[in-house]
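> Chain residues, written in single-letter form:
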Amino acid sequence: MRNCPRPGAWSALLVLGLVGGLAGCMRLQLIPPALLGRAGHAQAPKPPRATATPPGASDAGGVTLRNLIVRSSDAPPSTSEEIEFRYALSQTLDQAFPRRDLSRPPLQVDIRYRYRTEVRRWPVLDIFHMITLGFFFVTPEKGTATVNVDLTIDAPQPTTARAHTYRVRLHVRAPYKSSFTPWYNHSTRQKYLNQAHLVAFRKIVAHLRWWLARGIAAQPKPAAPSPPPRAHSKARTPAARRAHPLAWYDLQLHVQGESKSIQRKWQGNTIVVTEQVKVRQRRTPFAKIVKLLGGLAVGYSYGSVWARSKVRDENGDRYNIASGRGTTNSVGVSLFRAPRNSGIYFSPTVGFLWERFSLGDVAGLAEQNAQEGATDIPAIATDPDAPGRPLLDLGASWRYRLIMTSLYLGMRAGGVMVWGRETQFYLGLEGGANLAEWRWMDVSWDRYRDRDHAFAGAGSFAGRLSMGLTIRPWHLTFFIQGAYEYFRAFAYPHPVPFRGRMAWDPSVGVWQRPVQTAEALSLHALRFYCGVAVVY
Amino acid sequence: MVHTTHSTAEPHRRWLIALLALGILGCAGKGSAYLGPLEIDVIYHGSTADRPIEAFILHTEVDNYNEANNLLFAPLELDDATRLTDIPYGEWYITVIRKQRPLPDSPRVAMTTADPVTLHSGRHEILIFDDFFRVMDPVSSEDATP
Numbered sequence: 001m002r003n004c005p006r007p008g009a010w011s012a013l014l015v016l017g018l019v020g021g022l023a024g025c026m027r028l029q030l031i032p033p034a035l036l037g038r039a040g041h042a043q044a045p046k047p048p049r050a051t052a053t054p055p056g057a058s059d060a061g062g063v064t065l066r067n068l069i070v071r072s073s074d075a076p077p078s079t080s081e082e083i084e085f086r087y088a089l090s091q092t093l094d095q096a097f098p099r100r101d102l103s104r105p106p107l108q109v110d111i112r113y114r115y116r117t118e119v120r121r122w123p124v125l126d127i128f129h130m131i132t133l134g135f136f137f138v139t140p141e142k143g144t145a146t147v148n149v150d151l152t153i154d155a156p157q158p159t160t161a162r163a164h165t166y167r168v169r170l171h172v173r174a175p176y177k178s179s180f181t182p183w184y185n186h187s188t189r190q191k192y193l194n195q196a197h198l199v200a201f202r203k204i205v206a207h208l209r210w211w212l213a214r215g216i217a218a219q220p221k222p223a224a225p226s227p228p229p230r231a232h233s234k235a236r237t238p239a240a241r242r243a244h245p246l247a248w249y250d251l252q253l254h255v256q257g258e259s260k261s262i263q264r265k266w267q268g269n270t271i272v273v274t275e276q277v278k279v280r281q282r283r284t285p286f287a288k289i290v291k292l293l294g295g296l297a298v299g300y301s302y303g304s305v306w307a308r309s310k311v312r313d314e315n316g317d318r319y320n321i322a323s324g325r326g327t328t329n330s331v332g333v334s335l336f337r338a339p340r341n342s343g344i345y346f347s348p349t350v351g352f353l354w355e356r357f358s359l360g361d362v363a364g365l366a367e368q369n370a371q372e373g374a375t376d377i378p379a380i381a382t383d384p385d386a387p388g389r390p391l392l393d394l395g396a397s398w399r400y401r402l403i404m405t406s407l408y409l410g411m412r413a414g415g416v417m418v419w420g421r422e423t424q425f426y427l428g429l430e431g432g433a434n435l436a437e438w439r440w441m442d443v444s445w446d447r448y449r450d451r452d453h454a455f456a457g458a459g460s461f462a463g464r465l466s467m468g469l470t471i472r473p474w475h476l477t478f479f480i481q482g483a484y485e486y487f488r489a490f491a492y493p494h495p496v497p498f499r500g501r502m503a504w505d506p507s508v509g510v511w512q513r514p515v516q517t518a519e520a521l522s523l524h525a526l527r528f529y530c531g532v533a534v535v536y
Numbered sequence: 001m002v003h004t005t006h007s008t009a010e011p012h013r014r015w016l017i018a019l020l021a022l023g024i025l026g027c028a029g030k031g032s033a034y035l036g037p038l039e040i041d042v043i044y045h046g047s048t049a050d051r052p053i054e055a056f057i058l059h060t061e062v063d064n065y066n067e068a069n070n071l072l073f074a075p076l077e078l079d080d081a082t083r084l085t086d087i088p089y090g091e092w093y094i095t096v097i098r099k100q101r102p103l104p105d106s107p108r109v110a111m112t113t114a115d116p117v118t119l120h121s122g123r124h125e126i127l128i129f130d131d132f133f134r135v136m137d138p139v140s141s142e143d144a145t146p
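Keeping their order, the protein sequence lines are chains D and F.
For the first sequence, our numbering assigns the number 1 to the initial residue and increments by one for each residue that follows.
For the second sequence, our numbering assigns the number 1 to the initial residue and increments by one for each residue that follows.
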């Protein structure tokens with residue numbers, strides 16, 4: 001015992017582990033990219049759904065994309081990715097600048113689009129993560145997603161008919177830090193890259209809108225252009241707000257592009273605008289909290305538990321001496337995270353079990369054979385200490401009320417299949433062991449009460465089957481889950497006596513039910529959970 | 001004492017009287033032969049320790065055990081036995097009191113024989129089990145006179 005850590009040290013370790021596990025649960029989505037098939041895939045923003053309100057008559061001819069070059073230093077975009085980008089940009093321009101006057105030629109723009117990600121990691125922590133099979137989950141990542149856009153309009157401005165070139169050099173950066181992203185998870189960097197795409201698209205639309213609305217005729221000589229309107233400017237009209245062109249599911253409207261610097265100058269017949277933009281997250285306090293928690297679910301749960309205690313008989317064979325069943329149903333709020341991508345995952349988890357039920361042995365008395373030279377007289381049982389001395393049943397089951405509590409930290413491995421992008425249906429299955437537990441048990445019967453708590457390791461297992469429907473634009477998930485938990489040996493505070501199997505006592509020639517004490521019980525819990533969650 | 005008269009003229013009557021006397025003696029020996037002073041050996045054959053017999057009470061009605069005295073000087077542990085003497089003859093209900101379960105703060109239970117037990121001369125062995133009593137037939141006590 002001298003080498004064992006003190007209970008205080010165990011408590012500190014467990015608390016540290018639980019806090020870390022909770023944070024990991026909220027933040028992690030550990031999906032190996034090789035199994036996803038989408039890792040590193042450049043996702044172009046989805047075309048907008050809303051029809052934009054035209055800002056003025058000057059853009060009645062619409063805007064079309066003439067030339068688009070997409071480049072990435074991460075990995076050369078495939079042909080399909082280039083097509084996807086072209087489609088997304090074309091649709092974005094069509095929605096922002098609908099062509100209502102077919103007699104006028106559309107404005108044609110050329111765009112050179114480049115993006116990349118820079119990632120910095122700590123390989124030592126990745127090694128720890130690998131050695132511990134994911135249990136060491138502190139795997140920070142720091143990086144920047146960058147999008148560079150060169151936009152060129154080589155056409156007369158509608159309001160002035162003056163031939164000149166408008167050129168925008170846009171530099172969008174989305175720096176990020178993540179504490180729980182293992183090396184094989186590209187979802188974090190992909191998320192910030194998508195945000196940079198979003199802001200870049202917004203800025204493209206904003207610069208075009210500014211250029212179309214600018215009255216060159218009112219300014220006979222070249223002058224510094226006024227700053228383009230910001231996407232999140234308070235001066236935006238409600239119509240413009242409704243017409244936001246990039247409200248697609250994967251990136252929320254709270255992603256803002258903060259213009260860090262903007263330079264404008266004339267170079268011959270060309271207006272060159274260079275803008276540095278940094279991606280910022282703007283959320284309401286509620287959204288911040290929900291985002292921190294990973295999502296909040298309100299639901300109803302119904303569950304059953306089956307418990308039993310085993311002892312050894314005189315032959316050394318184990319048999320059930322007591323059993324019990326209980327049911328629980330509740331309505332509550334819980335943390336929730338809806339999966340985004342298909343794949344397998346390993347993640348730490350923090351769970352809580354609280355069950356109250358009763359457990360007892362088999363009722364009944366032994367029937368005796370008549371003995372020569374003896375008379376058996378049955379007994380009438382009464383309570384000598386209760387007023388009126390009520391009758392008692394000597395054959396009644398010995399039952400106990402139990403309250404079992406377990407706060408555990410474990411590891412889960414599972415797989416999930418996700419279908420759809422904007423509206424997603426998912427089906428997942430996961431299982432794992434609870435590696436560290438704080439257990440608390442309360443045993444009571446009449447005036448007797450015994451309670452204790454203890455730490456346990458690798459003594460319980462869990463699995464879960466879940467399916468749900470996530471509607472990303474609404475930030476809602478409707479789900480049902482079936483969860484199973486097995487606690488192998490949940491020790492009583494002190495051994496609990498039960499009446500055992502019938503046994504023949506040859507010394508006195510009677511059938512007896514010897515009292516035996518059980519040290520622990522095992523428990524199976526099955527619960528169903530359905531609800532609705534707000535997810536971000 | 002049986003008083004008899006002799007007569008040669010009535011041999012059949014003498015045989016009849018002799019047979020009657022034998023029958024009366026036989027009946028008397030069956031139920032009330034004197035086996036010595038009344039003694040009770042109480043043996044506790046429960047199925048678990050930690051709930052000894054705290055009280056052994058003889059009483060006359062099925063529900064008045066609280067009006068009689070406990071005959072034990074000390075709790076009777078599992079597989080222990082004790083001998084009680086100076087017990088008046090008669091029909092007695094027997095009540096023992098112990099814990100319901102071998103647990104601290106366990107409520108007690110009083111087990112009373114469903115029927116009265118006839119206790120006369122001789123040594124009676126009473127076995128107490130978890131949920132019934134066994135009363136052995138009386139045997140001659142050590143102090144019984146031949």
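You may find that some hints are simply not true.
[Said to hold, decoys possible] Some chain D residues close to chain F (C-beta under 10 Å, calculated; not the full set): (1) G294; (2) L296; (3) D442; (4) Y448; (5) D452; (6) R499; (7) G500; (8) Q516.
For the record, the hints were derived by calculation from the structure and aren't laboratory data.
Glycine included, C-beta positions come from ideal geometry on N, C-alpha and C.
> Each hint: holds or not?
Results for each hint:
no.	hint	verdict
1	G294	violated (46 Å)
2	L296	violated (45 Å)
3	D442	violated (15 Å)
4	Y448	holds (5 Å)
5	D452	violated (14 Å)
6	R499	holds (8 Å)
7	G500	holds (8 Å)
8	Q516	holds (8 Å)
When each numbered hint is compared with the structure, violations occur for hints 1, 2, 3 and 5.
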